[in-house]
Amino acid sequence: DGGITQSPKYLFRKEGQNVTLSCEQNLNHDAMYWYRQDPGQGLRLIYYSQIVNDFQKGDIAEGYSVSREKKESFPLTVTSAQKNPTAFYLCASGGQGSYEQYFGPGTRLTVT
Amino acid sequence: AQKITQTQPGMFVQEKEAVTLDCTYDTSDQSYGLFWYKQPSSGEMIFLIYQGSYDEQNATEGRYSLNFQKARKSANLVISASQLGDSAMYFCAMREASGTYKYIFGTGTRLKVLA
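These protein sequences, in sequence, are chains D and V.
In this text, residue positions in the first sequence follow our numbering: the first is 1, and each later residue adds one.
In this text, residue positions in the second sequence follow our numbering: the first is 1001, and each later residue adds one.
So here's chain D without its partners, still in its complex pose (with noise of 0.2 Å):
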């Protein structure tokens, strides 16, 4: 089946740890990307990537890293240094012939 996959779909770190949440498809989009979403909140982007070894920044990618050296696989590593760490987070990807994201199930990520 095609897809986007997330694990874990809860993780848990201590304070002061970096962390790495794992993104895969196999739609065999270009695009890929990272969201935040806080508690009643909506979808804040934080890197997306057009093509493979190429990324941008979203509006908070303060305290996160990324790589895209294969197109079915975009890693988001939440850093020591972003602040709030403690969220939901939502891989999407897009064909460039479609405006449709798909979304994969997402990983909340405590921090405590």
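Hints are supplied without guarantee of correctness; some may be wrong.
Straight-line distance between alpha carbons at most 20 Å, and here's what the computed DMTMM-like set of lysine to aspartate or glutamate pairs gives [claimed, not checked]:
id : chain 1 : residue 1 : chain 2 : residue 2
1  : V       : K1102     : D       : E62
2  : V       : K1102     : D       : D30
3  : V       : K1102     : D       : D59
4  : D       : K9        : V       : E1044
5  : V       : K1102     : D       : E100
6  : V       : K1003     : D       : E100
7  : V       : K1102     : D       : D54
8  : V       : K1003     : D       : D38
9  : D       : K57       : V       : E1044
By construction, these hints were calculated from the structure, which means they are not laboratory data.
Just so it is clear, the structure is predicted and the values come from calculations on it, not from any experiment.
Fit chain V to the known structure of chain D by using the hints.
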């Protein structure tokens, strides 16, 4: 700058009634796309409907229709014959056709369908 505004933080509707969720947008581009997504309590984002800026007819998908008024820059979602399963957060989003693949989302409207 691009912007999506959803002014209704929460809405109630009686089961089997129709409901309209408001969305206004701001862009200087002539070519763009408008979307609505549903987010149930599980957190997944479900694509509902798409409207292109050059589409002359309003988009429809089953019980969902998009009331597109280009001059007023509004793209309201109409849900007909509401069902209990429609209770969720609804997000309006926009993507400009030129340049980046970047999407902008509104803050969402929480819809509660009453039995």
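Against the structure, the hints come out as follows:
1. V:K1102 - D:E62: Holds. K1102 (chain V) to E62 (chain D) sits at ~18 Å (cutoff 20 Å).
2. V:K1102 - D:D30: Since the Cα atoms of K1102 (chain V) and D30 (chain D) sit roughly 13 Å apart, the hinted pair holds (cutoff 20 Å).
3. V:K1102 - D:D59: Given that 20 Å is the threshold and the Cα spacing comes to 11 Å, the pair holds.
4. D:K9 - V:E1044: The given pair, whose Cα atoms are some 11 Å apart, holds under the 20 Å limit.
5. V:K1102 - D:E100: holds, 12 Å
6. V:K1003 - D:E100: holds, 18 Å
7. V:K1102 - D:D54: holds, 14 Å
8. V:K1003 - D:D38: Given that 20 Å is the threshold and the Cα spacing comes to 19 Å, the pair holds.
9. D:K57 - V:E1044: Outside the cut-off at roughly 23 Å; violated.
Checked against the numbered hints given earlier, the structure breaks only hint 9 and satisfies all the rest.
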